[in-house]
Amino acid sequence: MARIELKDIAHSYQPAPERPEDYALRTLDMVWEDGGAYALLGPSGCGKTTLLNIISGLIRPSHGRVLFDGRDVTDLPPQQRNIAQVFQFPVIYDTMTVFDNLAFPLRNRRVGEAEVRARVQEVAEMLELTDDLRNRASGLAADAKQKISLGRGLVRKDVAAILFDEPLTVIDPHLKWILRRKLKQIHQEFRLSLIYVTHDQVEALTFADQVVVMVDGQVVQLGTPQALFEDPVHTFVGYFIGSPGMNLLPCRLEGSAARVGDHRIPLAPELAAQASAVGGELTLGIRPEFLRYSTTAEPGAVPADIAVVEDLGNFKIMTARLDGQMLKVKLPEEAEIAGDAGWLIFPPEWTRLYADGKVVEAGQ
Amino acid sequence: MKKIPNNRAWFLVLPVFVTVAFSAIIPLMTVVNYSVQDIFGPYNRVFVGTEFFEMVLQDRDLHEALQRQLLFSFWVLLIEVPLGIAIALALPVRGWLASLCLVLIALPLLIPWNVVGTIWQIFARPDIGLAGVAVNRLGIHYNYTAEPFDAWLTVLVMDVWHWTPLVALLCYAGLRAIPDAFYQAARIDGASAWAVFRYIQLPKLRGVLMIAVLLRFMDSFMIYTEPFVLTGGGPGNSTTFLSQFLTTLAVGRFDLGPAAAFSIIYFLIILLFCWIFYTVIENLGRAPR
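Quick note, the sequences are listed as chains W and B, same order.
Each residue of the first sequence is one higher than the one before, counting from -1 in my numbering.
Each residue of the second sequence is one higher than the one before, counting from 14 in my numbering.
By construction, these hints were calculated from the structure, which means they are not laboratory data.
There could be a bad hint or two in this list.
Stated by the list, open to error - Covered stretches of chain W, as calculated for chain B (at least 3 residues, CB under 8 Å): (1) 75 to 81; (2) 97 to 106; (3) 294 to 304.
Claimed, not checked - Computed Cβ-Cβ distance ranges for the label pairs, DEER-style: (4) W207/B with D6/W: 35 to 41 Å; (5) L122/B with A116/W: 50 to 56 Å; (6) G108/B with D70/W: 31 to 37 Å; (7) V106/B with E16/W: 23 to 29 Å; (8) R105/W with R107/B: 30 to 36 Å; (9) V106/B with D6/W: 30 to 36 Å; (10) F35/B with I176/W: 53 to 59 Å; (11) E347/W with R107/B: 52 to 58 Å; (12) W288/B with Q12/W: 49 to 55 Å; (13) D193/B with S241/W: 29 to 35 Å; (14) N296/B with D6/W: 51 to 57 Å; (15) R105/W with L91/B: 26 to 32 Å; (16) A103/B with D207/W: 45 to 51 Å.
Predicted model, so just to flag it, every value in this text is computed and none were measured.
Where is the CB? At the ideal position from N, CA and C, for every residue including glycine.
Turn these sequences into a full structure, and let the hints steer you where they fit.
Take a look at the structure:
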């Protein structure tokens, strides 16, 4: 186990990168604390896998250094870094038994056969593979194969971190849940450092203590699931996380209120003051969960047309039209909706302002 | 729901049945017919039972041809399969160089078989052929038209030159189908190059190797054109393989009965070997269950 530091890392797959767009991964500094459970979340092609492969050593970064516990490992191949990696599609050695699969990384490192047997037994028990140890690995279901891939990482005592590259893609939904819980359990028991790449926010938010949100080869936010939900620092985090994502409305400032079309939305005065100091293209952001709907006029409420109400079983999603823009409001199942118009209330404590995509912080 | 009995759908199978009947079943049955009857003329034939089979099985020339044939196929497989795998592993993975190499390697496969025979007939001649003269200049006495061993070796080398590319191309395709994640996982697991070959590449090549081995076995076991053009089966009988023996029997001597009996035996031998190869390769190196 180790503390992993990425110093000034950047990577391009092109031989002579010039523009920032040529980089799959733009300059970033990051520290992964020992024993943490991290998720790397972002849309396809945002550089998550590149970042993961740089940590494991499958890719040598074009710039920067990788440090494990302060030791520079940038030039070391994966087998000398003591990293385990689980891939999107299960990788198993199909001519071998489950036992031999699990023993493979140890035997390659010339570990004594008695110790191999002990470690494999231990890991098999942990992963509930004991009954299959004598069986051929190729005949097993996808979830068992993925457990074997994970097990090949766990058998090595000294692994610095286990990296997951969208490991649950090919697993049935109900097994996903079980496997994720197993992973969480192993993490809590052994305090291993885990880094988990995914484009599924539910997976990231339920798995990790810390989530790293990436887009276009850049890290936009690192935070707890709660911070990502309540205080997205970038409009991308706002709409990428949450279902449905954050409502984003282009707006202008007018005193201590935001003006959207003909409507005035009151803001916290210090936020408005900070926003006018920062300048740039302003966007108002509020999560559908925090946007309130009222059938009657209230101070600060904004009139809106109701376009659609979708009933999703235990809650409702209302789509309201405000000055030609669509807003989503998440309502409790029992909420009453009167007619096709109503009032929207933007609670100032949950209303965020973004200047050129970046959050305006009131306390600055 | 009540099931409606209607077997007219069987008529849809009829075209395939007719095609197979004319392409395989009827010719095969004709051969069976010839093998159990002595035919003197269209209306003059005698049923002889297994007489031709017994006769053919006791033929010493045939025993020798069979031994020669088995030895030849054995060497063909032993050389061409590992060599093909090695070439496939050594080929570049991508880029224009890969395309160029593939085209160059595929060239022997594009040459008609009798032309291959002719090329080697001249190429290996000890008086004017490039290879023949070169080998003799090295101080090794080599003359495939006179020495049985030299003739035999020439046929083998010619077959390796002609058909190893097929094995190499099949294996190349098989290797390209292995996802990168397998190699990456192997690196992380600390596998040596040999372990990668033994536990990833070779098992993943099982399917294409099966095809390669079966094709090369069948083709080499039925080889006819190239040795016929190159040596004509000589010197002596040293390069007379089974199909040439059969041709001499059927077309040369017009002994249709024994030839038909032998054809059936020939067919069964190939079938038996293919079954053995299939079973062995399918289960080779696999953990139980």
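Against the structure, the hints come out as follows:
{"no.": "1", "hint": "75 to 81", "verdict": "holds (count 4)"}
{"no.": "2", "hint": "97 to 106", "verdict": "holds (count 4)"}
{"no.": "3", "hint": "294 to 304", "verdict": "violated (count 0)"}
{"no.": "4", "hint": "W207/B with D6/W: 35 to 41 Å", "verdict": "holds, 38 Å"}
{"no.": "5", "hint": "L122/B with A116/W: 50 to 56 Å", "verdict": "holds, 53 Å"}
{"no.": "6", "hint": "G108/B with D70/W: 31 to 37 Å", "verdict": "holds, 33 Å"}
{"no.": "7", "hint": "V106/B with E16/W: 23 to 29 Å", "verdict": "holds, 27 Å"}
{"no.": "8", "hint": "R105/W with R107/B: 30 to 36 Å", "verdict": "holds, 32 Å"}
{"no.": "9", "hint": "V106/B with D6/W: 30 to 36 Å", "verdict": "holds, 32 Å"}
{"no.": "10", "hint": "F35/B with I176/W: 53 to 59 Å", "verdict": "holds, 58 Å"}
{"no.": "11", "hint": "E347/W with R107/B: 52 to 58 Å", "verdict": "holds, 56 Å"}
{"no.": "12", "hint": "W288/B with Q12/W: 49 to 55 Å", "verdict": "holds, 53 Å"}
{"no.": "13", "hint": "D193/B with S241/W: 29 to 35 Å", "verdict": "holds, 33 Å"}
{"no.": "14", "hint": "N296/B with D6/W: 51 to 57 Å", "verdict": "holds, 54 Å"}
{"no.": "15", "hint": "R105/W with L91/B: 26 to 32 Å", "verdict": "holds, 30 Å"}
{"no.": "16", "hint": "A103/B with D207/W: 45 to 51 Å", "verdict": "holds, 48 Å"}
When the structure is compared with the earlier hints, a violation turns up for hint 3 alone.
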